[in-house]
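Using the sequences and the hints, build the whole thing.
Under the working numbering, the first residue of the sequence shown is numbered 120, with each subsequent residue one higher.
In short, the hints are calculated from the structure, not lab data.
Each hint should be verified, as a subset may be incorrect.
[Unchecked claim] For each label pair, taking beta carbons as the anchor points, the in silico distance ranges come out as:
#, residue 1, residue 2, range
1, Ser181, Thr376, 40 to 46 Å
2, Glu212, Gly135, 39 to 45 Å
3, Val507, Ala161, 29 to 35 Å
4, Arg150, Asp197, 32 to 38 Å
Cβ coordinates follow ideal geometry from the N, Cα and C atoms, glycine included.
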Amino acid sequence: MTSRTVTLLDVARAAGVSKSTVSDALQGSGRVAEATRDRVRAVAEELGYRPNSAARRLRRASTGAVGLHLPATATRLDYYMNLAFGAVERAQEDGLDMVLLAPSGAAGGRIASRVDGLLVIDPEPGDSAVPGLLDAGVPVVTGERYLGPATGPSGAVVCDNAASLTALLDHVTERGARRPALLAPSGSSAWATALRATAGSWGRAHGVAVTLRTVPFAATPAEAEAATLALLAADPAVDAVICAPDGSAPGVLRAATTLGRKVGASSPSGACGATNASGSSGATSTSGAIDGNGRTGEGSRTEYDRSEGDRTERDRTEHGKPASPGGPDPAAGPLGAGLLVASCVDGTATRGAEPPVTAVDLHPAAYGRACAELLCDILAGRTAPDTVRRHSWSLETRASTGSPG
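Written as structure tokens, this is what we have:
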């Protein structure tokens, strides 16, 4: 049988499935189990099936547009705006317009009639719009993996978030920190889950308890400030705070100023030269929120290490202030104690802070381009569905960790 005579029906009969299942499996759309998808593709390749592109265009006319779904908080975050611009620029290179979808989403069928494909960035299992988008009947590429139960995307672009947080923890330790803390993002997105889990695994590997405080996924500077004041009231020995949410670092700096903690001061035993790191994600699998003692608590907002004797003050404080009048503020720490500050996301807020804040640059514009490029490649048949590509990051060290700005 030659490629000119092999039809979808031939493949369906050989694979023991329906014609529509074959079509969905080969196009990377619809609700098709992974094992079935693999079997159909193997049969199609064995028979020498080649899709009739002219017939495909007749069956579904191209709209000339792709959709972009961002988290509901994206409009006020520098990271997502830069990512969106990068995605728009790359889509236009393939002659495609970019349609920004409403955060609430819409029925998959209606979306499929308006776009040729979809980009879904940082899909959150709790986002009710995501399952419908993934099952819209058009190719879907996600920025980061989707950890929910719905149909998997046609492709994904991922970053090694475990490696980037590891680099930050290594860096503050090299700069003298002995008791680091993480303001970790809430929710169950791949990014949030990886950061919370990595704080625990890094702490166990290094014999250092990483104090974990969960804050909103898109915490404001005010929320980060309140969390830092409460954190340092509960544990004045904390000497490094890594904040995860984009744009929240200035709040950590304000808390340090309020408590008289000198940002960027490191102990003599830990002082070292500035460091630089870069990475591209590898095979890292993380899940659950894990504190420095190895406890897990998915989605917990209060799970963090309680070392012996270090937490009694937390029960006597509110909003980061001592409950008893008079006497020194316990959150101020040892006399003249320094505080290293770093961020999991670089941006205008970290670069323009005083002092400038050490941060992981996720290169959001390039990330947006990479997501759009994968979707364009799948739509054009240049890349097979189910492709996963890696995106690189870099560590920018600045004065907030005692490094030259």
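Okay, the hints, checked on the actual structure:
no. : hint                         : in the structure
1   : Ser181 to Thr376: 40 to 46 Å : 55 Å, violated
2   : Glu212 to Gly135: 39 to 45 Å : 41 Å, holds
3   : Val507 to Ala161: 29 to 35 Å : 19 Å, violated
4   : Arg150 to Asp197: 32 to 38 Å : 36 Å, holds
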